[in-house]
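Quick note: the sequence shown uses the working numbering, first residue -1, plus one each step.
Where hints are given, some of them may not hold.
Label-pair restraints from in silico Cβ distances [what the hints assert, rightly or not]:
1. Leu201 x Pro244: 22 to 28 Å
2. Glu168 x Thr228: 29 to 35 Å
3. Arg204 x Asn74: 18 to 24 Å
4. Tyr257 x Asn63: 40 to 46 Å
5. Ser110 x Glu168: 38 to 44 Å
Worth flagging that the hints you see were computed from the coordinates, not collected in a lab.
We put the beta carbon where it would ideally sit given N, CA and C, even for glycine.
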Amino acid sequence: MLREVEAPSNEAGTSITPPTNASPSFPLAAGFAASSISVSSAVFMTNWVDVIKIRQQVAGPEGKNLFSTGVSVIRNEGVLALYRGVTPAVLRGMLYGGLRIGLYSPFKQALSSEAGEDPGLGLKIVAGMGSGAVAAGICNPTDLVKTRMQVAGAIGRSSWGVTQEVIREEGVIGLWKGTTPSMVRAALLTAAQCATYDEVKLLFTRQLGWEDGVGTHLAVSGVAGLVTTTVTAPVDMIKTNMFVNPVYNGPWDCVKDIYRRMGVRGLFKGWSANWARQGPMTTLVFVVNETVGNRAHAGKVYRALAAVLSHDSTLQDELIRELGFVIKEVRVSPDHAKAFILWDSYTGQSKKTTRALQKTTPRIRAGVAKFLKARNVPRLEFRLDKISDDDAELERIFSWIEEERNKEES
C-alpha cells in the first residue's frame, strides 16, 4: 500500500537530508546481549552431548559410537556426569558467544561499501572468521578448563581446581594451549554458521517467499548446523586432543598422531555427536538470538517513534498497546525530495498484526504527514513493506529527526 502526501517545499526549494556520519552504539550492545543469552542457553541445554563428543574424541580408535558412549558414561559415573564442566561452559558461552556472534554484524557492516548493503557471501565469510577468531583467542582458558573437566577422571574437580592445576603444571601460558586450532575452529564455525544462516535465510524469504518467522528460523538453523558440523569437525578433533594431552608440541604434531593412529577418518571422529550438539545448538542460538534481538530492537523503535509522533502521545500509546512487540522496525529515509516511513511486522502474530495495522495505519499516516509538513519536507511516501534491518540507517535518521525537532522547539 502506497500513498503520497503533498507538502510545501522549504524556502530554498530543496529537500532536507540527514547526516551520514552518525555512529550507532545500540546495535553492538544489543547484539552482544542477545548473542550471550542465546549461546549460553544453548550451551547449557546441549552440554551432555558435548561431554559425549569429548569422550569419543579422546578415546582413540577403540572409541564407541554416540549411544554406547552415552550409556557408558551414565552407567559408570551417573547421569550428572553428562553435565560435568557446565559452569565454565556457560561462562564461556556468555563471553565467547556474545563476542563471536555479536561482533559478526559490526564486522559485516564494516566490510560493506554502503550502510545496509548486502556485502555478499565472500565478505560474510571473512566477517565470520574475524569475529570467531577474536572470540576464541580471548576465551581459550575457559574452553580448555571445560574440556579437561569433561574427560574421564575429572570427577569432583571444580573449574577453579582445574585452573590452578594447569597454572601449577604448565604456567599461566598453559591456559592458552591449543589456541591456534581453537581460533581456526571458531573462525570456520562462525563463518560457516553465520554466513550459511544469512544466505539460506535470504534464499528462503526472498526467493521462496517464506515468512521471516520462527518456522523459517528453525529450518535455516538446521541447514546451518549441518554445514557447520562438517566444516569444523577436523579442527574440533585437533583442538580437543591438544586441550587434554599436553604432550603435543603443536597442531601439526597432533594431526600426525591422529592420522597415524586412525587415518583420515580419525579427523572426523565424534562427527555424529558434534552434529547432535551443533544442530540443535545452532537452532537454539539463532532462534533465541532472533527473538531477543527483535524485542530489544522493538524497544529502540518505540523510543525513536516517540520522536516522530511526539506531538501525539495518545497515538503512540495506542500503537504500543495494540501491537506489543509486533513491530520490528521503523525506518525514515529522507532522500532528496522524499521521506520514507517503513516498518516490518513481526510475523509471529500475523493475523493480529494485520488487524491492528489496518486500524492504526490512517492515524499514523496522518500524524507523520503532519510532522513532516510542519518541517517543510516536500513529499511523504508511506507504505507497509518487508524490509531488512538496517540499524545504522535507523540511528542516522532518528538522529536527524531529533535535530529537526530541536530546531523547531528553539
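Here's how the hints hold up against the structure:
no. : hint                        : result
1   : Leu201 x Pro244: 22 to 28 Å : violated (45 Å)
2   : Glu168 x Thr228: 29 to 35 Å : holds (32 Å)
3   : Arg204 x Asn74: 18 to 24 Å  : violated (51 Å)
4   : Tyr257 x Asn63: 40 to 46 Å  : violated (21 Å)
5   : Ser110 x Glu168: 38 to 44 Å : holds (42 Å)
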